[in-house]
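> Construct the entire structure; sequences and hints are all you get.
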Amino acid sequence: MDPILKVEDLAISFGNNNVLKNVNFELYDNEILGIIGPNGAGKTVLLNILTGTLKPTSGRVTFMGKDILGVRIDERARLGFGRTFQVPRSFENMTAYENVMASAICGGQTTQREAAKRAEEILEFIGLEDKALVLAGSLKLLDKKRLEIGIALAPHPKVLMFDEVAGGLTESEISNILDIVKSLKIHGYSIIWIEHVIQTMLNGTDRVLLLADGYDIICDLPQIVLDSNEVEKVYLGVRKK
Amino acid sequence: MQLLIQSIITGILLGGLYAAIGVGMSIIFGIMGLTNIAHGNLMILSAFFVLIFTTAMGVNLISSILIAIVLMVIIGFLFQKFLVNAVIDKGDTPALLVTFGLSIIIQNILEIIFGADARSIRSNFATVNVVDTEYFSISGAYLTNFIVAILVIAALTLIFNKTDIGRAIRATSDNTKAAELMGVHTKFIFAVAMAIAMVTACIAGFLVGNTFVFYPYSGTQYLIIAFGVVVIGGMGSIVGTLLGGMILGLAQLLGAYFFGTGNQILSGYIFMLIILTIKPDGLLSNKKRA
Amino acid sequence: GNGEGDIATGGEAGEKSEIVIGYVGPFTGPLSVFTVAFDWVTEKALEEINADGGIYIEAYDKKLPVRVIKGDSESNATKASEIASKFVLDHNVDILAASWTPETSAPVSAVAERYSKPCLISNSPADSWLEGGPFKWSYGLMFYVESMMASYIDGLDKLDTNKKVGFLFDSEVDGVTFSALLKKMLPERGYEIVDPGRFAMATTDYTNIITQLKEAECDIVMGNQILPDFTTAWQQFKQLSYVPKAMVIGKAIAYGSDVVALGGDLGVGLITEIHWDRSFPYTSSLLGLSCEEFASLWESENNSQYPATSLGYDLALFEVLDIALNNCKDLESATIRDQIAAVSYEGIYGKLSFDENNVMNIPIVAGQWLEGETWDYEPIVIGPGNFPIIPAQDPIILPGTTRQ
Amino acid sequence: MNKDIILSVEDIDVYYGDFLAIHNVSMNVKAGTITSIIGANGAGKTTLLDTIMGLNKPRKGKIVFEGEDITGMRTSAIVRKGLSMAPEGSMVFEGMSVKENLLMGAYAPKSRKMRSELMEKVFLLFPVLKEKENQLATFLSGGQRQMLAIARTIMSNPKLIICDEISLGLAPVIINDIYDKVKEINETGITFLIIDQEVQRSIEHSDYSYVMVSGSIVLQGVASELPEDEVKDAFFGINKYA
Amino acid sequence: MSIIEAKLNGIASQTGKVKIIVAAIILIIMGTLPFWGSGYMTNVFLLIFLYMSIGMMWNLLSGYAGLTSLGQQAFIGIGGYSVAVLTQVYGLSLIWGFAVGSVVGVVFALVISMPIFKMNGAYFTIGTWIIAEALYIFFVKWEFVNYGIGYPITAAYGIPMWGLYLASFIVGIGSIVIVTLLLKSRLGLTLMAMRDDSGAAEVRGVKLYRTKLICYLIAAFWVTITGCLLFLNQAYIVPSSAFTIDWTIACVFIVIIGGIGTIEGPIVGAVIYVFLRQILYGFPGISNIILGIIAIIIIIVAPKGIMGYLNNKFNLDIFSIRRRIKR
Ligand SMILES: Nc1ncnc2c1ncn2[C@@H]1O[C@H](COP(=O)(O)OP(=O)(O)OP(=O)(O)O)[C@@H](O)[C@H]1O
Ligand SMILES: Nc1ncnc2c1ncn2[C@@H]1O[C@H](COP(=O)(O)OP(=O)(O)OP(=O)(O)O)[C@@H](O)[C@H]1O
Ligand SMILES: [Mg+2]
Ligand SMILES: [Mg+2]
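Protein chains in written order, with this note's numbering: chain A, 57 to 297; chain B, 231 to 520; chain C, 7 to 410; chain D, 7 to 248; chain E, 22 to 348.
Hints were generated in silico from the structure; no laboratory data involved. Each hint can be trusted.
Only part of the chain E face toward chain C is listed, based on derived beta-carbon distances under 8 Å: (1) G60; (2) N64; (3) I158; (4) Y168; (5) Y172; (6) T175; (7) Y178; (8) Q255; (9) A256; (10) Y302.
None of the values given here were measured: they were computed from a predicted structure. Just so you know, even glycine gets a beta-carbon here, dropped at the ideal spot from N, CA and C.
Quick look at the structure:
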């Protein structure tokens, strides 16, 4: 089966700071790929490259067989990239409802009527229907994170990319997010999921990629990755006795 | 031939004055990220100060300039404390609009007090011709401007690179949080930067008053020059200001030479726009480097 | 006092208690120098007009005092238009008046035409004002640019020069009109023109123009600028070591104080237009004073040199209104308008009446500023041009002229 | 109050807007020791350090340094009291040379006088900085930046040095090196409060440790005696204390 | 003022018949003002509608599209000059002035959008100002438009007051309608998203360039039309009054005082601005100082202006552009 998204020899540096040196991985249809790695490993940078806000120094990104590195940011959204931001960046002076609608319209090119319908569905799905008319700026962190997911989902993207959607949440909140992501898989989405909360990686993903020192160190089933020496060494930092 | 040589020389010398006009604005932008629309008016305000001291109070020129500088520093401090600090965190537009309001207030107050008449600060060298050859002449005022501008810019470069306070200013503009962690009282540093900008505004105000005439409404005219200089040179770059000034001066004079007298000012503007289009951040844009 | 508008409560026609004149002028802004005499002249004129209760109007069978309300155009056309509208619509003035340069006079005339209000404009070049015509309601006490140029050339003819004239005209109304006309007139009188072209107002660097004129060795430079611009330009002439034998400059140096403001002895020998002078051989119809007496009255009461340009025009405005209103049987707009049109006047500007363009052709002469006895600078008339009745003297060549 | 406690944090709450990032946190740092804080991402470690340095204001509680209440003081004033921090992500002044960065470290008047000695001391500790003295900091590698950041704190001649994410982006050799330096500096009498992403190492190198989970301190003790399982759980974000 | 408030209460609401009826009544009252009101009131409201229109468009740019321009006078001048040149020089009817003016305005906007859309933030602000200044200087020395002499617009003498008023009324109300419809359209959501976080908006698929351009062009079009009327009202045009920054200053005051990023803001702002000018005209010089002080105080105390403040405080949302969930 062809991967929906393929990243080859990706490298990026900021001045002298070679954040990504050579990263390769694939994302398959209807798969949840977890990405872990130490702070500053370049996980967010990777997402930024995929969505187009950063230009890589070299490498190739193929989406459904098409090289997309030359494609504009907004066009990529319309091609089917949906993401969340590590620090939520919802549109604060718009209601949750409008946030989702805006995303549906811009990324999905629907009419307002369709977008409204979609927004209602989504708000229900992420459990935010009772806060639909609240300004996004006044939502609590969990709700903001949920809204991030909702916004990303709105235009029916092909690939969803979550950047620490569970970060900063309590345990029960985390399981709530976990449920949402799992049910997204059932709906057929392909997902890239960056998270530091190991639980989510273990329970929510199909495969886990460890990103460190600018390389894709290992990419395998979650349990295998988390038990590997590499993870101990570069990520967890707890040496086995 | 005479006209071409004269145009080039005048263009460069005029550029010195333009650099002096722009440098204060550049500092404020580079350090605080504040687009100070009132900069031109503050300049004219200082010119009026120098004028009052020399004419109405009979103080000699140098002392007048020094007193004016002190006054401008105080005004800059108040401006910083009560207006800029109140809005600087609210984003670019509110800060810009506050300075916009201030500019209107200053020019109208000046008009109420001094009337709309044009003034100039007469000094001995205003009408002197220091070099007079067959091919070109150099005006005393222009030469003074140029030398003062070079001195100001050299002094600023020295201050910013070699003194503790200068380094603190650069550090603050580089990374405010880290500067605070070094023990730099960054709010105070903002005030110092504003004070330095005021000193340069005052000097520029004097130079303008000595070279041209000014009236309460002149601020806008010089604001656009300041903008032009800073925009061409790159906001926040001191050396860029000098470059920007000379380029603008030359663009005007050569514009007049090649496209006719009437196009002198227009050439300057068009050149600014061309540079902004090609390099939307200016030539030496580097906010990190003073 | 800067025109705190004295607001009239516009009454009904039946209970008319005064005649209100709404005057719009540049009381602040770059042109405010031209309104310095207005308050003083208004006071003098109204004192006389209202001396025994005002002007008798048959329709009301009583004397109505004349009152003037002032509006400040801030030397800005938009503002002038707004205020004129306010005067007509809100204050219900009987007559609109305005003065000084097209920025104020043109929009005020436009308002008068729209609302059918009689309107009297003083001191604006007639030529550009007339482009807004033909006027049905507006009348002008104005000079024709041709008269002004004729007087200049008249004066220049008396000088020993190489007859090469360099232009220093900006691209504002006057600069464009004057230079265009001079291009026709000067060659006819044997002068050669060097024209670097029109330039924007508020230009600060004149190197290009000056160097061109210097290279062409012009003995005469003619221009028209506002004072600040001219101050800068004239300084730069000196800085670049180029002083022509004659420097003719319109607008900038209307007053002795302007010439002083140039600084040093920069003002000596400059030639400019004179709109009114104490040496004019006329007597005011309203005040009964000769020009010399009127000028002296100002100087004794104000302790400053008489502001020649405004003094004459401001008084003439009231002289004409006085005559017109005294002929009015009622205060209908049309009546007032017709009486203004009919004014045949003999006053501070001699004997005049309105021509077919609604313009009263006010004398204008060329003068030269010389160091004076009472004041720093005093003007002499050097070129009476179209008004030979005005006595004239011989001009001098600029001191500091570098070429022999 | 115990005399050899140089810094004590008493029961503070810190908010970001409505978000309670730190709740009821108290801790003491003994003079002359190396104290570490351990915790998962987002546990609130940085927030705590920033609050100590006056970059955040606690809504409740107080912070005492050498017996003096420094709660709510301006950061620059706190620095002058003798605290110094190498912040998370090092935050060097990118547009300034290495030397200028160090000079900025000695900006506070007290240290300014002795800055040439301090500079020599620093160059002895980090010879690589001497080599790069005149280079702009923007061209330093991540590890070198971290060294510069630590060196910069020393330049202020502090009593207490706070290092956030001390080993971030550093190669293992350098990390060991850094810890050796920390030890060396510590032996001259300067107290350390450090955060290291690598739990084990930070425990190994410190005298006393605090473990933070979700904005609260859940565990503390002499570093070598901390129960490893519980530490690991805390680090994995499994909050059985909640 | 109560009229205005009532009007404010009216226009937008599609909810509630009362609002529609009130709106209709207000519109009829305002639309027929010249036939029952005094000439003076007519003139004042004429100005209010014109200033409202340019304020509304500046608000669209600065408040919604993040394009803080100091060069709107360029379009006002273009409008005024189109009318002047076509009627005065070519003797054509006014309609031509409006038609040609709006085309020229939009084309000019399109042309300058290429360079200035590359500039961001302060650079954009300054860039627009420089362009307007350059245009001023260009007109001053352009023989085709009679240099700095300008033109009287004699065609204006013949227009009855009510005609000019109605045109202004339409332009003013039209500006409200345009902006409201725009914000209620698909583009509106895009715009608001862009206003809140343009980077994030782009990642969500917002075509930043195109969206900004559309706003810029709409504003250019409408401001040019308003410029035609402003100068028709003035009946005289010179470059110095056509291209003066004063027009943009007026926009800034109106929007800041009224409330940036709200639809009601420019309406309230225009009413206050025009009335203040009428009251303060007798205090030349001071009037601008007072306006400046008011603006600064409002920026500091209530950065979102009067309507922003009221909207927050009392949850007023007269021109609701909020999307409601229909159940
Ligand atoms: N725009 C940028 N310019 C310069 N450096 C950048 C930029 N964006 C990221 N970096 C650098 O790239 C490195 C990787 O950052 P990134 O945000 O991808 O880390 P991360 O893996 O997402 O970490 P975390 O888990 O903390 O979110 C960091 O050192 C950061 O400083
Ligand atoms: N400026 C901020 N505004 C809002 N929330 C913030 C801010 N900074 C941190 N937070 C939140 O506060 C919590 C604690 O963050 P903090 O940075 O103190 O954690 P940390 O323990 O230092 O984590 P890390 O290991 O990632 O550095 C996190 O949930 C974070 O999302
Ligand atoms: Mg990240
Ligand atoms: Mg941290």
